[in-house]
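Here the sequence shown is numbered in our numbering, starting from 1 and rising by one per residue.
It is possible that some hints are incorrect.
Said to hold, decoys possible - As a list, the in silico EDC-like pairs of lysine to aspartate or glutamate whose alpha-carbon atoms are at most 16 Å apart:
| hint | residue 1 | residue 2 |
| --- | --- | --- |
| 1 | K198 | E223 |
| 2 | K198 | D35 |
| 3 | K198 | D90 |
| 4 | K198 | D51 |
Calculated from the structure, these hints are not laboratory results.
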Amino acid sequence: MGEERAAGRLILLGAPLGNPADASIRFREVLTGADVVAAEDTRRLTRLARDLDMTVPGRIVSYFEGNEERRTPELVDVLVAGHVVALVTDGGMPSVSDPGYRLVRAALDAGVSVTAAPGPSAVTTALALSGLPSDRFCFEGFLPRTPAARRSRLRALAAEERTLVFFEAPHRIAGALTDLAAAFGADRPAALCRELTKTYEQVLRRPLGELAGWAVEGSPRGEITLVVAGAPEVVAERPGDDRLRAAVAEREAAGRSRRDAVTEVATEYGLRRREVYDIVHRAGAR
Numbered sequence: 001m002g003e004e005r006a007a008g009r010l011i012l013l014g015a016p017l018g019n020p021a022d023a024s025i026r027f028r029e030v031l032t033g034a035d036v037v038a039a040e041d042t043r044r045l046t047r048l049a050r051d052l053d054m055t056v057p058g059r060i061v062s063y064f065e066g067n068e069e070r071r072t073p074e075l076v077d078v079l080v081a082g083h084v085v086a087l088v089t090d091g092g093m094p095s096v097s098d099p100g101y102r103l104v105r106a107a108l109d110a111g112v113s114v115t116a117a118p119g120p121s122a123v124t125t126a127l128a129l130s131g132l133p134s135d136r137f138c139f140e141g142f143l144p145r146t147p148a149a150r151r152s153r154l155r156a157l158a159a160e161e162r163t164l165v166f167f168e169a170p171h172r173i174a175g176a177l178t179d180l181a182a183a184f185g186a187d188r189p190a191a192l193c194r195e196l197t198k199t200y201e202q203v204l205r206r207p208l209g210e211l212a213g214w215a216v217e218g219s220p221r222g223e224i225t226l227v228v229a230g231a232p233e234v235v236a237e238r239p240g241d242d243r244l245r246a247a248v249a250e251r252e253a254a255g256r257s258r259r260d261a262v263t264e265v266a267t268e269y270g271l272r273r274r275e276v277y278d279i280v281h282r283a284g285a286r
C-alpha cells in the first residue's frame, strides 16, 4: 500500500477565496481536463466557471461534509479505473479545514497518484496580511463549538509562542474573541481578516480585547480568519551559583549522573552546559 499502481490521478485544486481572477492558468486547465470534478458546492463551482468564461466538460459531483464518507469509495473506484478526478472546495486548498483529507488518504491507500494545482489559502493570506511574526506559526482551524470546550482549548494554547491562526464562524466570533482575551490577555496583538480578496475585505489589527468589543457591537458577517500573536517568550531568571549547585546536587541525589544533572539544569535555565559544570566543579575543588 502507498505505492502508485493505478493510472488514475487525484488533483487537489486551490480555488480563489473570493476574487475569480486569482484562479491560475493551471486551475483552469485541470478543470477542463478532469474526467470528474468533485466540488464542495456544485453551484458555486458553476458560478466560478461562468465568471471565468469557461466550461467544465467533465462530470461534476458534490463532495462535502455531509456525503464525503459515502462518496469517497465511489471516487476511489473512478480513480482506480484510470480516470482523473479534480477536487475543489469553496475556496482555498482542499483538506485544510475543508473536505479532502478522507479522499486523499483513501486514494493513497489504493495506490493512486495524488498531486495538486496549488493556489490561494486563507491561512497564509491572513498570516501575511496580519503584520504579525510569520516565521513560525501553527494553524488551529476552527475552535470547539461549545463555550466550555473552547475555553479549555484556549487555556491549553495560552503559552504557545508561535503565531496562531484560527478559522471562525461569524455567529461565534464575538464569543471566541471574548474567550481569547480572557485566556491570552486583552493586550495580546491580533488581526481579524474578513472576506479576504472579496469586495468588502477587511483586516482589523488590534489587541484581542478591542477586537472582542468590536465583534460584540458590530456582529460581523462573512468568512473570518483570525491571526493571534504567540505568547511572549519567558526567559528564566538566572539563579545564583549556590542555587545552581543545589539543583545539580538534588538531581544527583535522585539518581542522575553528574553529566545528566548538569545538562538538565543548564537546559532549564538556558545556560551553557560548560558554565554549570564549571560552577559545580569549582565548589568540589574547594
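Quick one, are K198 and D90 close enough, alpha carbons at most 16 Å?
holds, 13 Å
16 Å limit on alpha-carbon distance, applied to hinted pair K198 and E223
Distance of about 10 Å is within 16 Å: holds.
Proposed proximity, D51 with K198 (alpha carbon, max 16 Å):
holds, 14 Å
For a C-alpha distance cap of 16 Å, please report whether K198 and D35 respect it.
It is violated: about 30 Å lies between the C-alpha atoms, which goes past 16 Å.
In summary, the structure is inconsistent with hint 2 from the numbered list given earlier, while agreeing with all the others.
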